[in-house]
Amino acid sequence: MINRVNLFKYCYTSNLLQSKNKMLNLPKVIRFLLLTIPGFILLPNVALAEVGTESQFIFNTFSFLIWGALVMWMCAGFTMLESGSVRTRNASVICLKNIGLYAIASITFFLIGYNLMYIDVNGFIGSFTLFYGSSSDEILLLSGSDELGEAVVSSGYSTMSDWFFQMVFVATTASIVSGALAERVKLWAFFLFICVLTAFIYPIVGAWTWGGGWLSDMGFQDFAGSTIVHSTGGWAALAGALVVGARTGKFRQDGTVKTTPPSNVPVVTLGIFILWLGWFGFNGGSQLALGSAADAVAMSIVLVNTNLAAAAGVLVALIISRPLFGRVDLLSVLNGAIGGLVAITAGPDMVAHGWAILIGGIGGLVCSLGIRILEKLKIDDVVGAVPAHLFAGIWGTIATCLASGADILIQLIGIFAVGIFVFFSSYIVWAILEKVVGCRVSPNVEELGQDVAELGIEAYPEFVVMPDRDELK
Amino acid sequence: MINRVNLFKYCYTSNLLQSKNKMLNLPKVIRFLLLTIPGFILLPNVALAEVGTESQFIFNTFSFLIWGALVMWMCAGFTMLESGSVRTRNASVICLKNIGLYAIASITFFLIGYNLMYIDVNGFIGSFTLFYGSSSDEILLLSGSDELGEAVVSSGYSTMSDWFFQMVFVATTASIVSGALAERVKLWAFFLFICVLTAFIYPIVGAWTWGGGWLSDMGFQDFAGSTIVHSTGGWAALAGALVVGARTGKFRQDGTVKTTPPSNVPVVTLGIFILWLGWFGFNGGSQLALGSAADAVAMSIVLVNTNLAAAAGVLVALIISRPLFGRVDLLSVLNGAIGGLVAITAGPDMVAHGWAILIGGIGGLVCSLGIRILEKLKIDDVVGAVPAHLFAGIWGTIATCLASGADILIQLIGIFAVGIFVFFSSYIVWAILEKVVGCRVSPNVEELGQDVAELGIEAYPEFVVMPDRDELK
Amino acid sequence: MINRVNLFKYCYTSNLLQSKNKMLNLPKVIRFLLLTIPGFILLPNVALAEVGTESQFIFNTFSFLIWGALVMWMCAGFTMLESGSVRTRNASVICLKNIGLYAIASITFFLIGYNLMYIDVNGFIGSFTLFYGSSSDEILLLSGSDELGEAVVSSGYSTMSDWFFQMVFVATTASIVSGALAERVKLWAFFLFICVLTAFIYPIVGAWTWGGGWLSDMGFQDFAGSTIVHSTGGWAALAGALVVGARTGKFRQDGTVKTTPPSNVPVVTLGIFILWLGWFGFNGGSQLALGSAADAVAMSIVLVNTNLAAAAGVLVALIISRPLFGRVDLLSVLNGAIGGLVAITAGPDMVAHGWAILIGGIGGLVCSLGIRILEKLKIDDVVGAVPAHLFAGIWGTIATCLASGADILIQLIGIFAVGIFVFFSSYIVWAILEKVVGCRVSPNVEELGQDVAELGIEAYPEFVVMPDRDELK
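Protein chains in written order, with our numbering: chain A, 7 to 479; chain B, 7 to 479; chain C, 7 to 479.
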């Protein structure tokens with residue numbers, strides 16, 4: 007290939023510079039320059055291989071946008087997972103809760119959440135200012151001012167692409183709560199809690215960590231949010247489950263547990279696949295850059311580890327299913343994927359992929375066991391959100407010590423600090439809501455189903471549905 | 007960091023040029039060049055930060071492809087929204103209509119639509135030529151002719167990536183029609199109408215605007231198609247609804263309206279999420295470029311506004327739901343997202359995100375109110391396509407005057423011109439179809455359901471379905 | 007625009023070089039250089055328009071990742087297609103099979119499959135080594151060694167991005183098998199077969215072709231895998247269908263065939279849309295590069311042809327449906343999309359798009375006819391996987407001779423060689439599994455449904471389901 011580097015070498019090594027023709031009465035150096043300069047202009051510039059700063063800016067920004075769109079898609083995954091998991095009589099209201107929580111998260115994070123999390127973080131909390139928007143340089147660039155291009159480009163990515171990517175993460179946290187509390191939490195109490203969670207609780211956890219606060223300063227490692235996103239959601243859900251209580255009849259007086267199989271298995275499965283796909287965005291985009299070969303290499307590794315961990319979670323849950331539960335338990339297997347995904351999320355960027363299989367596999371195990379532990383504790387979590395997001399999230403955050411050399415003490419401090427803060431602040435919010443508006447639907451509404459009672463609609467109005475066997479007694 | 011710019015500064019400011027060693031008997035300028043030239047070759051070129059034209063070409067093309075793929079995905083969203091909204095007896099035929107209309111739009115837009123819309127537009131209409139394809143330069147480039155790279159690159163993006171992105175838009179327009187006319191329009195009449203809509207009606211509207219025709223010359227603003235795509239679909243649907251008439255029993259003789267709840271709420275919700283995700287491609291890709299920092303900044307803003315508008319549409323529809331309808335109406339809330347999305351589509355590129363919330367929120371309101379208005383007018387629109395796409399589309403096109411400084415007069419001219427053209431041409435086509443093949447299924451087919459009557463299939467053949475209460479009377 | 011090329015031209019053609027001012031006592035060549043060099047540094051470098059090697063690396067890698075994610079999404083498509091196609095009593099187990107097969111494919115391809123397919127292929131098979139991972143250069147680059155950037159970049163794309171893209175392909179092959187054998191193959195026998203298929207059978211076919219083995223040397227053309235992926239899956243499914251046998255009652259003693267309509271049509275349709283979307287990744291990503299204008303042009307053409315072929319498959323299946331089957335057969339139309347997609351997969355990169363319509367249309371026809379042929383042969387393929395993937399795959403591989411100038415003899419050798427190898431090796435594996443663990447569920451389980459019998463779960467436990475009419479007799 008003829009290119010600049012080769013031309014350069016050629017002119018140095020060829021006899022052109024020594025030849026005796028007329029042109030070469032010029033000094034040797036000038037002859038050389040004369041020979042090479044046109045080549046600089048006309049030949050491809052393969053030696054100048056690094057990515058230009060503006061290209062970097064585009065790569066980084068586009069990475070945020072496209073992966074962020076996939077993370078938004080996870081909301082659809084949670085919705086399907088949850089609406090297929092609940093009984094048909096509550097399948098509509100869980101759809102409303104999910105689209106509502108995403109809308110709320112979008113607005114609150116724009117109004118206040120992002121600023122609390124990222125702007126002028128003083129160690130514990132960012133700025134209490136309203137609204138967020140493009141930088142003034144960006145606005146001037148858009149209005150045609152060419153001179154500001156360099157200032158804009160030097161920030162690495164566009165302001166709002168980062169906001170978009172961060173916003174879809176807070177929505178994920180909120181999604182975790184809806185599943186655990188399904189079938190008995192009041193619609194409006196739930197929405198009020200989501201407002202607080204997305205505007206304050208999650209952003210404060212975020213300020214400590216990704217916002218550059220005290221946990222970040224200590225060296226707490228959580229690549230894409232095993233603790234920051236998933237455990238936060240899990241703790242908030244757990245607090246809610248304690249305040250709201252179990253569904254009527256879930257834990258029988260004779261100590262047995264009423265099984266509540268998913269009402270629509272294909273829809274649950276679809277939800278899991280959506281989440282798996284969206285997780286490529288969740289973890290891949292958390293590389294936060296795509297402007298260099300190193301970023302592209304790292305992002306590839308992240309995707310592979312994410313996929314391997316989910317696969318291992320599925321297989322471990324599948325293999326232990328019969329010994330543990332007496333049968334192949336599809337819901338455990340599906341949740342195993344989530345357990346693997348949550349577990350790898352704290353450190354998906356390691357080059358030894360065997361670790362991903364181990365971490366994800368244990369994530370699947372933790373998730374399967376966790377479901378039973380919650381049942382022993384008589385905590386009612388409809389979709390297994392606490393085992394999948396909280397328990398596997400804690401495991402994943404610890405696992406970074408093995409796989410990525412994180413400091414176990416610091417990781418534990420992070421896990422406990424986030425846990426204590428989120429659990430107690432959530433508990434207080436749920437308790438206040440319980441006092442003020444009441445968190446739990448009436449027994450009558452619970453028996454009738456929230457769909458008919460709260461929305462005046464049925465999820466599947468034309469299908470003949472069997473009455474609940476327990477209620478027939 | 008050592009790079010070219012720094013080298014340049016270093017050589018200028020260092021003592022190298024003044025030192026007295028032997029080499030420096032050369033003229034000063036040559037000494038300088040001698041010192042800097044190798045650096046030009048060997049050091050990274052950070053000063054030359056702008057995106058190269060070939061990289062721009064790739065960014066622009068990839069943006070069309072990836073966002074276009076998401077817009078194609080919207081077809082699945084419409085299919086789910088519609089098949090979940092109709093009664094189970096018509097859920098199969100709406101699936102067939104949707105996959106069929108996408109197939110038809112793909113072929114007709116290739117055969118004639120694109121040329122009518124974009125090639126040699128004379129103000130009102132483009133070229134009546136068959137087929138579309140890659141440029142001859144592109145074909146030569148693919149066959150290995152390196153010399154044509156520059157000619158290809160200068161076009162900014164690959165010919166067929168643009169075609170792909172435009173094609174999925176016409177499919178969106180067609181999708182709007184199927185929902186409004188569900189449960190009573192004949193399969194083949196519908197497909198024939200879609201042929202005309204995608205081959206002629208939509209491309210002519212497109213020629214006036216994005217094709218560079220008279221509305222474009224006037225300064226009509228419609229970023230991604232509130233009017234061009236969504237209102238066009240809405241007008242075509244409205245004309246069809248008038249010709250085909252309401253479903254039997256929808257408007258009772260006593261003046262009451264029969265509610266027709268969605269038969270499968272989770273599937274409707276999935277459809278809304280698919281549309282929301284796809285809209286990132288719809289609006290984001292409509293930036294039409296990703297080859298500069300300014301484009302990346304603008305695309306980020308577009309995605310954020312799109313998301314905020316949808317969220318506001320959801321929340322407004324949620325809040326007004328009880329005062330307006332007496333209960334939290336899930337379908338209104340879901341449609342509120344569409345209303346918000348359609349409303350922002352005319353101008354999602356403004357930097358003040360508060361406008362997006364306002365525009366989207368009003369879009370949700372318009373959509374909720376519009377459903378009632380249509381019912382008052384005894385126009386039967388099964389999924390609320392006319393309120394969501396036509397009414398909110400009109401609102402969004404007007405709203406650009408507030409948010410993006412569009413001229414209200416020109417916007418109104420555009421809205422009316424497109425409305426009159428699309429409504430009347432569609433009405434004529436529907437009327438001709440009514441005469442020639444008949445648009446409406448027989449009362450018997452309507453009662454039995456189109457699935458069994460036209461396809462010999464049931465959507466859920468194993469489930470026991472309840473008879474329609476009205477029909478039992 | 008002022009840029010380097012223009013500056014270069016300007017200096018050559020302007021009078022600057024001839025002017026008599028003091029500076030120009032310098033030799034003319036130096037004057038020229040003096041005038042142009044600063045411009046080289048300060049002006050945008052539009053002449054140097056080719057994509058830098060690091061940008062190429064990022065484009066190529068990102069293309070693998072994002073398109074690969076869409077191919078992973080196809081697994082969800084197969085799951086929906088299959089779980090909607092089977093009777094409700096087997097809808098859960100097919101979900102488990104599908105998520106399980108994807109997990110298995112992920113792990114086996116990491117453990118051994120990729121190495122067998124791509125590493126040191128000796129003509130027939132690659133390396134029997136365990137595990138796969140990033141290159142040592144990549145690992146050093148990630149650990150901060152800047153010097154290795156060039157070595158990494160010279161490989162064109164990141165190692166694991168390629169692995170990810172290849173892995174999702176083997177999962178597609180495995181997905182094809184599950185649908186054909188639904189409703190009667192034992193869960194564990196199926197998973198054991200998938201282990202062999204993904205670890206050995208598919209990688210060996212891959213080694214012959216994409217791995218650079220003997221078929222590749224001969225010039226066998228199969229752009230994205232009509233034969234390598236889809237026919238391989240089809241042959242494996244066919245062998246399984248023969249060993250496992252037809253579902254009880256499918257072929258009645260009086261020679262009639264029991265129709266088995268899909269139990270959930272909207273879910274089947276969703277599956278088809280997911281596959282269609284995913285196929286943009288499947289074929290588009292198979293360009294294997296995005297680092298040049300030529301690649302971007304080719305990828306655009308690939309997406310357009312993929313879409314046109316699918317559309318033509320739908321329309322041909324729609325048009326021939328009534329003459330062939332006496333009614334508009336929705337399942338045939340949906341399968342027509344798959345037939346069109348599979349058919350175009352061997353050669354979607356041609357510039358004459360009319361061929362795509364023809365190839366896809368015939369693919370739809372082959373698929374529709376194939377379903378009837380299989381029924382005549384009393385081979386029970388629940389979802390029509392063999393017609394859609396094997397028959398249309400053969401057609402597509404042959405069609406490259408017409409459209410892309412492939413050698414018919416070589417294409418036939420490839421089709422037969424792959425067919426004989428995959429069919430017989432699969433048959434042997436199925437036969438061994440039949441001896442050792444038994445492939446087929448007991449008649450009792452088949453009647454009861456695998457969901458309840460093998461998983462202790464129902465897919466739709468609350469819905470009242472009608473008994474099978476045949477079983478009532």
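Any given hint could turn out to be false.
Intra- or inter-copy, both count: the list cannot distinguish identical chains.
DMTMM-like mimics (lysine to aspartate or glutamate), calculated; alpha carbons at most 20 angstroms apart, straight line [to be verified]:
id: 1; residue 1: K382; residue 2: D413
id: 2; residue 1: K256; residue 2: E452
id: 3; residue 1: K382; residue 2: E464
id: 4; residue 1: K256; residue 2: E468
id: 5; residue 1: K264; residue 2: E464
id: 6; residue 1: K256; residue 2: D143
Hints were generated in silico from the structure; no laboratory data involved.
Please sort K382 with E464 into within, between, both or neither, judging by C-alpha distance up to 20 angstroms. neither (33 angstroms within a copy, 25 angstroms between copies)
Using 20 angstroms as the alpha carbon limit, work out where K256 and E468 are close: within a copy, between copies, both or neither. The answer is between: 17 angstroms across copies meets 20 angstroms, while 27 angstroms in one copy does not.
At most 20 angstroms between CA atoms: does that hold for K382 and D413 within a copy, between copies, both, or neither? Result: close neither inside a copy nor across copies, 32 angstroms intra and 66 angstroms inter.
Tell me, please, which holds for K264 and E464 at an alpha-carbon limit of 20 angstroms: within, between, both or neither? For K264 and E464, only the inter-copy Cα distance (16 angstroms) is at most 20 angstroms; the intra-copy one is 23 angstroms.
Under a CA distance limit of 20 angstroms, which applies to K256 and D143: within one copy, between copies, both, or neither? neither (57 angstroms within a copy, 56 angstroms between copies)
K256 and E452: within-copy, between-copy, both or neither at 20 angstroms Cα: within (12 angstroms within a copy, 32 angstroms between copies)
Of the numbered hints given earlier, the model fails hints 1, 3 and 6; all others are met.
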